[in-house]
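Number of protein chains: 2
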Amino acid sequence: MAALNNLVVLDLTRVLAGPFSSMLLADMGAEVIKIEMPEIGDDSRSFAPFVNGESAYYMNLNRNKKGMTINLKCKEGKKLFTELVKKADIVLENYRPGTMEKLGLGYEQLKEINPKIIYGCISGFGHYGPYSNRAGYDIIGQAVGGMMSTTGWPDGEPTRCGTAISDVLAGLFATIGVLSAQRKAEITGIGQKVDVALVDSVVAGMEIINQIYLTEGVIPGRNGNRYESIYPYDSFKCSDGNIVIGAGNDKLYHTLCHLMNAPELISDERFTHNPLRIKNCSILKNIIETWSINYTMDELIDMLLDKGIPAGPINTIDRVVSDPHIADSREMFVDMVHPIAGKLKITGNPIKMSDDRYKQPESSPLLGEHNSEILIKYLNLSKSEINDLKSNGVI
Amino acid sequence: MAALNNLVVLDLTRVLAGPFSSMLLADMGAEVIKIEMPEIGDDSRSFAPFVNGESAYYMNLNRNKKGMTINLKCKEGKKLFTELVKKADIVLENYRPGTMEKLGLGYEQLKEINPKIIYGCISGFGHYGPYSNRAGYDIIGQAVGGMMSTTGWPDGEPTRCGTAISDVLAGLFATIGVLSAQRKAEITGIGQKVDVALVDSVVAGMEIINQIYLTEGVIPGRNGNRYESIYPYDSFKCSDGNIVIGAGNDKLYHTLCHLMNAPELISDERFTHNPLRIKNCSILKNIIETWSINYTMDELIDMLLDKGIPAGPINTIDRVVSDPHIADSREMFVDMVHPIAGKLKITGNPIKMSDDRYKQPESSPLLGEHNSEILIKYLNLSKSEINDLKSNGVI
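These protein sequence lines map, in sequence, to chains X and L.
Sequential numbering of the first sequence, starting at 1108, is according to the working numbering.
Sequential numbering of the second sequence, starting at 1108, is according to the working numbering.
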């Protein structure tokens, strides 16, 4: 069986943070029933890039999920949803706080229907506190949580991480929260609400950076790719791109000097020990780059690793996708077959379990694709009842 | 009871990615027994910043854990460890792949001792594949996984995210993996190995960025703080720092123009609809900044939010730590009392559970602090047996 076999998740999430969380649950075998508004669906169904008119954004994040439509604004839709809540383990949503309460479907209402239900919610600022009603997009999470102020270059501007990292972090923390709460509910029979904010998630991810300020009162700034306490531990230019080198101690620095055919740098009084190398890091970076620029990234990585110096290429996405280790051995890009888009590649799951090897993912659902399957399986409705729900716009 | 009450974790992890994972488990009530080398301990015990000579880096990441010392290189130490494995649910480690096998303590060995054990491991490149033996530091994960190539400015260099995000991501994925595997083991009685790599974790976090290349063949580059498909959705200078504004549609753009007292920008033919605003984004950014620079971040945020325009300050860490919403309401910084360091503030947990409010965390352990407690509780050893282990350097 899959790790999360028989775990039933009612998934009201849209776009990124929430669907990322339910995607992980679905990848590990949970029955994730994605509930979308009839006719309209998740906003991300209209997000680029497209394959045969189908959003690859949506298809990637919603693989392995069942697709259902319910109009939660009408009485019959609410009824249908609450009947499903009785059969479910987890409800996930990422609406603005208050939205579910306005629909009469907040945690306080749902726990009356099913005391064991886990209610996981993701929002920009969380479900309580003075900013809880503020809109929270990814960039706002990165900005307010302190990440942007510490990303970038000393003479440059605060910088956004290239991916929607506050959405991803919140999705991950929420997944951990609902799995933990679910373990407790299995024992006690009582569920709870798990409230995860994008901003809090970024704050938690800043870890040591926060600790520097909390302990020393020094405001951490931006220092590019340099690591504050070791040098050389930085990025360096090659002929066709950039690499990182982490020569974390004197021995590795000496090895690097020999590899550069510049043993005189070992005794050079500007670089004899690590604190001096940090002090004179700009000079040392220039010296290393006059050497590194003569090689391609791959040539230099081979040379460095061969000598035992930690290093890696700064891969552009085309290199990541075609890397034999990442793509082939670690199966980080997998094929999915969609009824309209056909075969496409999506990003794989990084949790590699020895007893739960991921098979080819099931396709993301068409809008309402599994309406009948779910309504028969969980609520034992008849075909004519289902047809009525459809003609009345409930599903 | 706490969500992860009675879950016993043997934690061999050091420094960041692994301890971050076991920290989350400990925060949620698992009994995390941190096992360190006698006399030496986790490397991060010597990492700055310090309080009364104690590493705040270590104290933050290891709160709520029990501290034990075992020399895993000696026969008696191995014996002690394997006896504990019989009583545990999860073993966590983040050594270079092969290290535990060399000690005779790899998953294949441990599952013979306890078939239900979950073996979670975090490494740079994972436990299989051609690069599995390469050293994997955070910056290498960010570089190889593709994040650095997409973070930064169009005319600038690939840029590292300001926090050790590949360590954090790997710690989060590993936590999800072991919790899921543990659920399965409760049902089947059979554990498994959960193998999480820093590089894979970054690749998974790149999500839509990967999908653009996989679908369209376009290599995603760096575009600073701009969002490719909407403008204005960017960072802007104020008199005392920077903010982000997300005016995601025409209506919000018009509201912004009125707020700027520049209604002529609404009909300005360079900006009449979103695709034009994207095309002319540099011009529009300059116009907005000639306005925004006249206000402080806080003044401008109040003005924008008052009109319903999504926005947030780019907080430096001092602002994050003193923010009433983040620090007070969301309790993202909590006090801990350490026997030597005294009272210090550390970063809180972002998973807010309605029925499991975090109390003040227990202090991180001194080296070997709970040796007797653990050996009595789990292995029923006598005081003289414990003294012998100590004098023989086993603990």
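Calculated from the structure, these hints are not laboratory results.
It is possible that some hints are incorrect.
[Stated by the list, open to error] Once the Cα atoms are required to be at most 27 Å apart in a straight line, the calculated DSSO-like pairs of lysine-lysine come out as: (1) LYS1218(X) / LYS1185(X); (2) LYS1358(X) / LYS1209(L); (3) LYS1358(L) / LYS1180(X); (4) LYS1182(X) / LYS1194(X); (5) LYS1180(L) / LYS1358(X); (6) LYS1194(X) / LYS1223(X); (7) LYS1209(L) / LYS1414(X); (8) LYS1218(X) / LYS1358(L); (9) LYS1180(X) / LYS1484(X); (10) LYS1180(L) / LYS1466(X); (11) LYS1180(X) / LYS1194(X); (12) LYS1466(X) / LYS1450(X); (13) LYS1209(X) / LYS1414(L); (14) LYS1180(X) / LYS1218(X); (15) LYS1180(L) / LYS1209(X); (16) LYS1466(X) / LYS1414(L); (17) LYS1223(X) / LYS1218(L).
[What the hints assert, rightly or not] Which bits of chain L does chain X cover? Going by a derived footprint, with three or more residues having C-beta under 8 Å, they are: (18) 1155 to 1161; (19) 1180 to 1186; (20) 1195 to 1205; (21) 1298 to 1308; (22) 1317 to 1325.
[To be verified] What follows is a list of derived Cβ distance ranges for each label pair: (23) ILE1294(L) / ASP1495(X): 36 to 42 Å; (24) GLN1216(X) / LEU1486(L): 46 to 52 Å; (25) GLY1160(L) / ARG1377(X): 28 to 34 Å.
Predicted model, so just to flag it, every value in this text is computed and none were measured.
For every residue, glycine included, the Cβ atom is placed at its ideal position computed from N, Cα and C.
If you test the structure against every hint from before, which numbers come out violated? The structure conflicts with hints 8, 10, 15, 16, 17, 19 and 20, although it agrees with all the remaining ones.
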